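Per the numbering used here: the sequence shown ends with 186, consecutive numbering throughout.
The set of hints was computed from the structure by calculation and includes no laboratory data.
All figures in this text were calculated on a predicted structure; none of them were measured in a lab.
Positions of the beta carbon are idealized from the N, C-alpha and C atoms, including for glycine.
A couple of the hints might just be wrong.
[Stated by the list, open to error] Just the calculated beta-carbon pair ranges, DEER-fashion:
#1 P11 with Q184: 26 to 36 Å
#2 E50 with Q98: 17 to 27 Å
#3 R28 with E65: 27 to 37 Å
#4 Q98 with I168: 13 to 23 Å
[As the list claims (entries may be wrong)] Straight-line C-alpha distance at most 25 Å; calculated DMTMM-like pairs for lysine to aspartate or glutamate:
#5 K144 with E53
#6 K49 with E137
#7 K169 with D183
#8 K144 with E25
#9 K18 with E156
#10 K47 with E133
#11 K169 with E65
#12 K14 with D104
#13 K49 with D88
#14 K47 with E110
#15 K14 with E167
#16 K107 with E64
#17 K136 with E23
#18 K61 with E110
#19 K136 with D72
#20 K144 with E110
#21 K169 with D102
#22 K136 with D102
#23 K136 with E110
#24 K136 with D148
#25 K61 with E133
#26 K14 with E156
#27 K47 with D140
#28 K61 with D88
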Amino acid sequence: MPDNDWSKPAAKAIPKEGYFELERGRYGPVFPRTPACYGFSIIAKVKEGREEAVRAYGKQIEEAIAGSPDVLAPLRLHYLRWVLFDVGSGLHFQYQGIFDTDFDKYTEDAVQLFSQTGITTVFTNLVGFPEDWKENPDAFVKFVRDHQCPSFLEYGEYPYVTADEIKKALRLKSAFSTMLDQMQ
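Please model the complete structure; the sequences and the hints are all you need to start from.
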């Protein structure tokens, strides 16, 4: 069976650098696809007094998705998780995303999505985020890469499966259930 057999859970330990061998992408090293697909964990300090703005932005994303469920579809996300935490040096924000495109494409697509929808980014509340990010996508990507904390282990219960493949399988399951219900 191929290494990316979805039917068998898989784990991959990743070197400290975040990649196995250096391959240059458009903005820096290409991070590998793992059993969890692609992803990143961005950690940055929150600007003083901006905690409520960050939390309000979470609600704004919730409402945007309720109004248009496919609004984030261009990002090809599996999961998105945001965490605020303080370890004694001020409030920090963690943006953890798992997605089906590579790191550079995800960040480029994010800038384009924000520009097209008028939705801004939660990153505007973070220390060091470039004010000119809409006109200067390279600065956006640099910020993301500078604050990326590579994982050293990634696990997938159903490894290497894309979000589209998962949705397709669930649609098929639903169709079979409906068909079987009709036969009774």
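Status of the hints after comparison with the structure:
1. P11 with Q184: 26 to 36 Å: holds, 35 Å
2. E50 with Q98: 17 to 27 Å: Holds, at about 23 Å.
3. R28 with E65: 27 to 37 Å: Taking Cβ atoms as reference, R28 and E65 lie about 33 Å apart, which means the hint holds.
4. Q98 with I168: 13 to 23 Å: At 19 Å between Cβs, range holds.
5. K144 with E53: holds, 23 Å
6. K49 with E137: holds, 22 Å
7. K169 with D183: Between K169 and D183 the Cα gap is close to 21 Å, so the pair holds against 25 Å.
8. K144 with E25: holds, 17 Å
9. K18 with E156: Judged against 25 Å, a Cα distance of about 13 Å means the pair holds.
10. K47 with E133: Within the cut-off at roughly 16 Å; holds.
11. K169 with E65: Holds, at roughly 22 Å.
12. K14 with D104: OK: K14 and D104 at ~17 Å, within 25 Å.
13. K49 with D88: Status holds; Cα separation ~13 Å.
14. K47 with E110: Holds: K47 and E110 sit about 22 Å apart, inside 25 Å.
15. K14 with E167: holds, 21 Å
16. K107 with E64: holds, 23 Å
17. K136 with E23: It is violated: about 32 Å lies between the C-alpha atoms, which goes past 25 Å.
18. K61 with E110: It holds: about 24 Å lies between the C-alpha atoms, which stays within 25 Å.
19. K136 with D72: holds, 22 Å
20. K144 with E110: holds, 11 Å
21. K169 with D102: holds, 13 Å
22. K136 with D102: Measuring from Cα to Cα gives roughly 24 Å; hence the hint holds.
23. K136 with E110: holds, 11 Å
24. K136 with D148: holds, 18 Å
25. K61 with E133: holds, 23 Å
26. K14 with E156: holds, 5 Å
27. K47 with D140: holds, 20 Å
28. K61 with D88: holds, 21 Å
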